[in-house]
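K.L.:
Assemble the complex: chain A is given as a structure, and chain B must be docked to it using the hints.
Number of protein chains: 2
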Amino acid sequence: MNKLAEDLNQTILTNAPDVFNMLSPLGKELYFPKGILSQTAEAKQKATRFNATIGIAKEGAEAMHLPSVMKQFSDHVPNDLLPYAPTTGKPELRNKWMEQMLIKNPTLNSKSVGLPIVTSGITHGLSLAADLFVERGDILLLPQQFWGNYNMIFGVKHGATVKHYRFFSQNNGFDTDDLRRTALEYASSGKLIVILNFPNNPTGYSVTESEAKAIRDVLVEVAEGGCNVVAICDDSYFGLFYEDDVCKESVFAYLANQHPRLLAIKLDGATKEDYVWGFRVGFITFATAPANSKVYDALEKKTGGAIRGNISNCPHLSQTIVLKAMADEKYLEEKQQKFAIMKARASKVKETLSQEHFAKVWTPYPFNSGYFMCLRMSGIDAEEFRLRLLEKYGIGVIASGKEDIRVAFSCVEENDLPVLFEQMYQCAREM
Amino acid sequence: MNKLAEDLNQTILTNAPDVFNMLSPLGKELYFPKGILSQTAEAKQKATRFNATIGIAKEGAEAMHLPSVMKQFSDHVPNDLLPYAPTTGKPELRNKWMEQMLIKNPTLNSKSVGLPIVTSGITHGLSLAADLFVERGDILLLPQQFWGNYNMIFGVKHGATVKHYRFFSQNNGFDTDDLRRTALEYASSGKLIVILNFPNNPTGYSVTESEAKAIRDVLVEVAEGGCNVVAICDDSYFGLFYEDDVCKESVFAYLANQHPRLLAIKLDGATKEDYVWGFRVGFITFATAPANSKVYDALEKKTGGAIRGNISNCPHLSQTIVLKAMADEKYLEEKQQKFAIMKARASKVKETLSQEHFAKVWTPYPFNSGYFMCLRMSGIDAEEFRLRLLEKYGIGVIASGKEDIRVAFSCVEENDLPVLFEQMYQCAREM
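Chains as they are written, first to last, in my numbering: chain A, 100 to 530; chain B, 100 to 530.
These are calculated hints, taken from the structure and not from any lab test. Please note that the accuracy of each hint is not assured.
The list makes no distinction among identical chains, and a pair is therefore deemed to hold if it is satisfied within one copy or across any two copies.
[Claimed, not checked] Listed below are the simulated DSS-like cross-link pairs for lysine-lysine, each with C-alpha atoms no more than 27 Å apart in a straight line:
no., residue 1, residue 2
1, Lys429, Lys170
2, Lys143, Lys437
3, Lys170, Lys210
4, Lys423, Lys170
5, Lys127, Lys262
6, Lys157, Lys437
7, Lys157, Lys423
8, Lys501, Lys423
9, Lys262, Lys449
10, Lys157, Lys203
11, Lys447, Lys157
12, Lys133, Lys491
13, Lys447, Lys145
14, Lys203, Lys429
15, Lys393, Lys501
16, Lys145, Lys157
17, Lys423, Lys102
Every value quoted in this text rests on a predicted model; they were computed, and no experiment measured them.
Pulled out of the complex, with its shape left as it was, chain A reads as follows (with noise of 0.2 Å):
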């Protein structure tokens, strides 16, 4: 093992033991390299004459660029854009990010949790946590709904063996209780790995702040006694949050700093929250209980070097027209109406489907946030009726599971949702 790794080790191991149990094997072995990455960065402090360090090209003082390339923006200089972003990401966008969960999560204030890293997208965050924390054999609990790449990410590369509970209670809120047994059961393991998804893809639904402590004490429970507890909140849809008893901060701000066998990790983005799903700017962040400032620095060490060892580092275009946007005086009011045209939809879908003959073909699943909502189709194979829909009627819809139509009203107009719902019920009569 790379003396660095060991250091590392030795840090995480001093100050939370239960962290360093939590670490895969691959996450023992992880370590920010030393070499020509510390010695740029001693250099862009200390070579005043000349820096014959760096791996880009420049001429002058500025990266050297094609003109058709620099021609596509409107008023940004190549070193804002082309060279290498650090590792873990542009510090001014950390910052920034790290002050707007703040006043997000006003919950977070009274915590103290590691320094956001940037991550390729938010995906790449959960590949991250992966690396980091997730072996062959791992349990990982999911709700019976959930987005399917968890499978390719957590099962497929990484080895870990998916427990699923049910989703919502018969109160039509989250199962807390259906967590909690199915955590119960299996924290015999000794480690659990969670993934709470809100606002979830596919169903659309966030907790209520009873719900989030709830969610919270369950895991503190298992946690209390004596299995480790690797939760990761995915809150790719954060903010779009559309009624009043939504909890409208992340879970994350109530498992940060409860137990120290409770690691809580955070990835959140600009992908969605920001309308920027291309760019690929995603963060991850860290707690632990207690708070410790060398463990936070390991970790985001560990972290780098599973970046570095991946994709090198993240695109440096997208953070900065990210922070850019973060820092224009118009960016809270452009977000606002937004969210106004999106939350005017979900309230359109709720209204529509609030229609009696509807009951007669589907259930909705209960939803209040983010892009999506779910019908539980009646009697009707739902993967037939996507095809049937598609087919005569022109219609697109996801099938996710046997019975189970995702509909995406983020991309639909507000005008247009009573008959998209009007049609999708003539072709399930059909059938």
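P.N.:
For chain B alone, kept in the frame of chain A given last:
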């Protein structure tokens, strides 16, 4: 194992049994998921009325967007920058890159290789190649001078065991004899991973045409002897060839379609070729023998699965901007101008280093291409030299191993190069 993975494996086993044997356990498990992705693709074709499959937000036919983001671009529409790019990359860019690859490597016109798949930079291509083909204990052959990140990607993250051969022969060429000796020594393991990085980081050396052919002959001999060979051509610095006798084509062009037990993988990208380091636009291209489109399709699907389960997709805006630059009528002329600057710097380095007094303190390694050149210090510790040069002279260089110093002439002006080396000489003389 997923049924889709089994089907891909069967295709590869039937049409390229040796390539099947090269797959790592993870490589065998990988598949391109259906579900949301294929349903969305189907809807894109057929959902003429409403398409509620898409995981982004839209207003009318346009991606929802913040003006504070879009105004940072000069003349792009939201749909070309903001939505997710396809997992394996924008088709237009893949085709354009292929077209250019054939122009840059005329030998490939008589070969048949897969369509380049977009990666998030060239490191990501290395990482994907490792996902598919490298498992714990595999032997990776590298020359004594090599890019340190290969250790992290192949060693730490995928468990490969690195074995080194001498880079330079006594007549200052590439040491194909030592490559051959080392490859044959480890051929009994049944599988060799070989990374061929020309122009090389850190030495700045590229092989001649006869050396490229000799490398091909060595690898074919090893394959013929019964050992599987995964030959990875890291062409990051492709095109920056400064001398007449340097081979102007990738070694990949010589390795493609040569032997059933020799899989050739080409990794290249816009990163250095187009001076867009932070954009993260790379490509991975496969060549089997005999060429087989079913095998290429299966490898593409496995690569797509590896991308999906790691970062979902690669930055869309970067792909669009590179594609548009490549289509610009000034593009080739602009690249030629930058090439001329880089070549003039390389010539100035050679001219400067030809002065006799320098021989007292160092010996330059052969170089003829790329961003860098290396000096072997004579009886001076490289790290001590680096630190002294930085502290006393304000000059930054990289200590690369115990006695080697890497100088990036890519980021020093031509006129400054004589002063740079003179100061380095003075510093060395003081030690």
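K.L.:
Hint by hint, note whether the structure agrees.
P.N.:
Hint check:
With identical chains, the CA atoms of Lys429 and Lys170 are at most 27 Å apart both within one copy (24 Å) and between copies (12 Å). For the identical chains of this complex, Lys143 and Lys437 are inter-copy neighbours only, at 24 Å across copies versus 41 Å inside a copy, given an alpha-carbon limit of 27 Å. When the C-alpha separation of Lys170 and Lys210 is checked against a cutoff of 27 Å, the pair qualifies neither within a copy, at 44 Å, nor between copies, at 37 Å. Taking CA atoms no more than 27 Å apart as the test, Lys423 paired with Lys170 passes in both settings, with 18 Å inside one copy and 11 Å between copies.
When the C-alpha separation of Lys127 and Lys262 is checked against a cutoff of 27 Å, the pair qualifies both within a copy, at 25 Å, and between copies, at 23 Å. In this assembly of identical chains, Lys157 and Lys437 lie within 27 Å of each other by CA distance solely across copies; the values are 10 Å between and 40 Å within a copy. In this assembly of identical chains, the alpha carbons of Lys157 and Lys423 lie at most 27 Å apart whether taken from the same copy (24 Å) or from different copies (23 Å). Taking the closest pair of Cα atoms, Lys501 and Lys423 never come within 27 Å of each other, the shortest separation being 44 Å inside a single copy and 43 Å across copies.
In this assembly of identical chains, Lys262 and Lys449 lie within 27 Å of each other by CA distance neither inside one copy nor across copies; the values are 31 Å within and 63 Å between. Proximity of Lys157 and Lys203 under a CA criterion of 27 Å is satisfied inter-copy only: 24 Å between copies versus 40 Å inside one chain copy. In this homomeric assembly, Lys447 and Lys157 come within 27 Å of each other (Cα to Cα) only across copies, at 16 Å, whereas the closest approach inside a single copy is 54 Å. For the homomeric pair Lys133 and Lys491, the shortest alpha-carbon distance between copies (22 Å) is at most 27 Å, but the shortest distance inside one copy (60 Å) is not.
With identical chains, the CA atoms of Lys447 and Lys145 are at most 27 Å apart between copies only, with a shortest distance of 25 Å across copies and 60 Å within one. In this assembly of identical chains, the alpha carbons of Lys203 and Lys429 lie at most 27 Å apart only when taken from the same copy (18 Å versus 46 Å across copies). Taking identical chains as interchangeable, the C-alpha atoms of Lys393 and Lys501 are never at most 27 Å apart, the minima being 48 Å within one chain and 31 Å between chains. In this assembly of identical chains, the alpha carbons of Lys145 and Lys157 lie at most 27 Å apart only when taken from the same copy (18 Å versus 49 Å across copies).
For a Cα distance limit of 27 Å, the shortest separation of Lys423 from Lys102 qualifies neither inside one copy, at 39 Å, nor across copies, at 46 Å.
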